[in-house]
Amino acid sequence: MTTATVTDERIARTSTVTKLLKRPEIGALVAAIVIFVFFAATTSVFATAPGASTWLRGASTIGIMAVAVALLMIGGEFDLSAGAMTGFTGLIVGVLTTEYGLNIWAAILVSLALALLVGFINGVLVMKTGLPSFIVTLGTFFVLQGIDLAGTKALIGQVAIQGMSNVPYYDSAKKVFGSAADIGGGLVYASVFWWLAVTAIATWVLLRTRTGNWIFSVGGQQTAARQIGVPVFKTKVGLFMTTAGAGWLVGMLLLFTTSTVQSNTGVGQEFIYIICAVVGGCLMTGGYGSAIGAALGALIYGMVNQGIVYSGWDNNWLKAFLGVMLLGAVLLNEWVRKRAETAR
Amino acid sequence: MKKIKIVGAILAAGTLLAACSGTGSDSGTADTAKKDYTYAVITHGAPGDAFWDRVKSGAEQAGKDYGVKVEYSSDADPAKQSQLIDGAVADKVDGIVVSMANPDGLEASVKKAVAAGVPVITINSGVDKFKDFGAITHIGQTETIAGQAVGEKLKADGSKNAICVIQEAGNVGLEERCKAVAETMGGKVENLQVDGTDDNAVSATITSKLQSETGIDTVVTLGGQYAIDAVSAVKDSGSKAKVATFDLSEDVIKDIQAGTILFAVDQQPYVQGFMGVTGLYLKSINGNDIGGGQPINSGPAFITKENADAVLKFAANGTR
Amino acid sequence: MSDKKTEQATNVAAPAAAGTAVIEVKDIGKRYGNIIALSDVSTSVRAGEVTCVLGDNGAGKSTFIKILAGAHEHSDGDLLIDGQATTLSSPRAALELGIATVYQDLAVVPLMPVWRNFFLGSEITKGFGPFKKLDVDEMKRITKDELAAMGIDLRDVEQPIGTLSGGERQCVAIARAVYFGARVLILDEPTAALGVKQSGVVLKYIAKARDRGLGVVFITHNPHHAYPVGDRFMLLRRGKSMGDFPKAEMTLEELTSMMAGGAELESLAHELEKTMGADSEIAQTMKADVT
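Protein chains in written order, with the working numbering: chain A, 1 to 344; chain B, 1 to 320; chain C, 1 to 291.
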């Protein structure tokens, strides 16, 4: 990263390795490699194409949300409604098509619009009231959960969408959101490609655009950002809308991969997204983190989730493992932050 | 770190809120010539769970048919469920239908209700204790009966190595179902824990299991939703395993018709809700004690390729 | 209003001749409800000159800066920028007119790299439409060069700005304002939290900024810091101006004395002389300061 014009003899001393060690996602990368090697060595299926396709599938939808939540966390906010949003958007499409016969693509767009609206409301409420986003989005979480349960029941008389595959043009939407391609003997679902795309775009935005700079600044030091002229309000509302939009995407992926969605879909997942983001190097206090890290966090989650099954262990241990990962990540991040913030 | 503390506090507040809800009280209308009866249906079902949703539908339909008021509430935590029962008694309801997943946890409250002269009928689970607690009867079927029936049917079909997919960690009822399947099926039955709020993960986890243990010949799921996930997992993994499931849904019946699901055992949850309210209604208007001190079975009924067509329209209504 | 703004914004590029008043304040005041935070303050900020605003804690310094920086609108008097009466509605409006403020907390984001902080809110981009991206190399180069021009030699502009010393951070903030074409630089107590040596460094940069033709508003409560670099001194006390003096009319001693409240301090010096003896060091310095 040295510039051609200025050569400083001291720069030579910071080797590539040291530079790499300063990246927020390094902890997650190391953990991911260790976990991969471990399960690849101890189980026969894990490292095969069909095995990999399975844990990638499990990681993909979590990963998309984790990346969006990571952006939001870098921007200094949380979204507890992110999990319920995945169910909410899927249910809207399901209800509108199976019950009211709306064109499937129109329903998908309606669903997106509603998701963005909820994100917008989240953002505006947080910014206008100055309340912690925890409280505000906890409220939206309960509202969405209530709508998911009561609204669906009231409209279609049950709590899970049925008969989705009979809806006209279902196949065209499934191609985009729910199809799978056979790559090297393993089925790779559309959600995996979406996940890669979302991670790549988020990383690019974060590191290479003005918006990315603003996201870091509003999370790192909001007053400073405002003084300098960063549009804090727009940036944060945009982040909430991005998270909601990601919730919509995952809602569609779930709906068209499994052809059904139920009222409790996504409830409780919001914490897994946050865990993945933190494991990937995001600070709880904002201003620091990485989209790739969050994607790696989700990959770790997916690998462990399936690896435990391949190993034949009782997968109730997953939660305990998650807890240990989270604590380890938080301690590591705290140490990094202290080092970064204290004057030399 | 401060923020983490806040989360804890909020979560605690959230659970408290949840605990306080569901005790709406607008009974106690003035005595007219024809009394307006009010019954509380208090279950341990999680909101949004398809099974309990049908129990609720059945209870509400009975209420509508008989012209009585039915108040449904639920909480999976026995402590909070007892509070709901206490609340209903304080509300002077004319009867309580209660599901007892954890009878010990509810003992005090149910006995208190009976002592206060409120007729109680237990449904779904708690068959061993209903008599001790003074309930009129028990309607339903234990998880064990349904599980055993599934096990027998699988055994007849030649299953030797099965996985039993549990969608909610720490749910006593689900664990019992799997245990009962294992008892009667013989052979090997292994429990597989999945995250029921993420269908993608459910499917991936079942796929993993089928990939790593190719000897598995049967996948048993404990909810209609998860049977659909299992079908896609069987397809993805290239396994030859057959799928059997508890509970119905429209999609499950279609898969039964298509042959991708072997059979579904219908616990007939609708019956449990409907009959629970019916029993109380009979007690109120005619002093009847149905069941004669014995439990009444609400099921199970098997749905196979042969009878799937007949059931389909009810499943589409969300009542079966 | 917006027309006027854009018109003035285009003027920003043109440097004012040294000595021209960029900002003039006439009997300006600020009320919050029925509380009068500031009243009857007049002074001017000229290109290539340092206007020092002195006052003790609670004298109204921060209210005064906030008006100039656009954070608060004034409620009385006139704020003339380039001779035109203006009300600054936001910090952005002030920035557009070339008035940049470096706050006490420096408005830096500690966890972000130096170069990102330097260009925050005014990033350089290349490319078009959705593919518009940051020109990272260019920004790093400029940051390094600009800081070098201010005499700060950073090993790596990629390091988080939080790892720099207080004085260095202050200078990054000043260099940033200078680079972005500020005509007027408002510095809010830049030396308050610094040691003697670091303060000296910052004063050097203030002088450098002045020499580049900027008008500098230097807020401080330390006359010893203000006097060496100041061309004009405006003293605030309890929300009121105690006068606005060019350097020619003021000695350091007078300034210190006025700052501390003149007569009050004299009697304190007298008292100390009595209790501690006329030869005691404290009494001596005190006397020297007052007279």
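Take these hints with a grain of salt, some might be off.
Subject to a maximum C-alpha distance of 16 Å in a straight line, what follows is the list of computed EDC-like cross-link-like pairs (lysine to aspartate or glutamate) [claimed, not checked]:
hint : chain 1 : residue 1 : chain 2 : residue 2
1    : B       : K313      : A       : D314
2    : A       : K319      : B       : E107
3    : B       : K80       : B       : E107
Partial selection, computed: residues in chain C whose CB lies under 8 Å from chain A [as the list claims (entries may be wrong)]:
hint : residue
4    : R92
5    : A93
6    : V108
7    : L134
Across the chosen pairs, the derived CB separations fall in these ranges [as the list claims (entries may be wrong)]:
hint : chain 1 : residue 1 : chain 2 : residue 2 : range
8    : C       : E146      : A       : K338      : 25 to 35 Å
9    : A       : W105      : B       : I285      : 24 to 34 Å
10   : A       : V30       : C       : E138      : 50 to 60 Å
FYI, nobody ran anything at the bench for these hints, they're computed from the structure.
Glycine included, C-beta positions come from ideal geometry on N, C-alpha and C.
Checked hints:
{"no.": "1", "hint": "K313(B) / D314(A)", "result": "39 Å, violated"}
{"no.": "2", "hint": "K319(A) / E107(B)", "result": "32 Å, violated"}
{"no.": "3", "hint": "K80(B) / E107(B)", "result": "13 Å, holds"}
{"no.": "4", "hint": "R92", "result": "5 Å, holds"}
{"no.": "5", "hint": "A93", "result": "10 Å, violated"}
{"no.": "6", "hint": "V108", "result": "6 Å, holds"}
{"no.": "7", "hint": "L134", "result": "5 Å, holds"}
{"no.": "8", "hint": "E146(C) / K338(A): 25 to 35 Å", "result": "29 Å, holds"}
{"no.": "9", "hint": "W105(A) / I285(B): 24 to 34 Å", "result": "54 Å, violated"}
{"no.": "10", "hint": "V30(A) / E138(C): 50 to 60 Å", "result": "33 Å, violated"}
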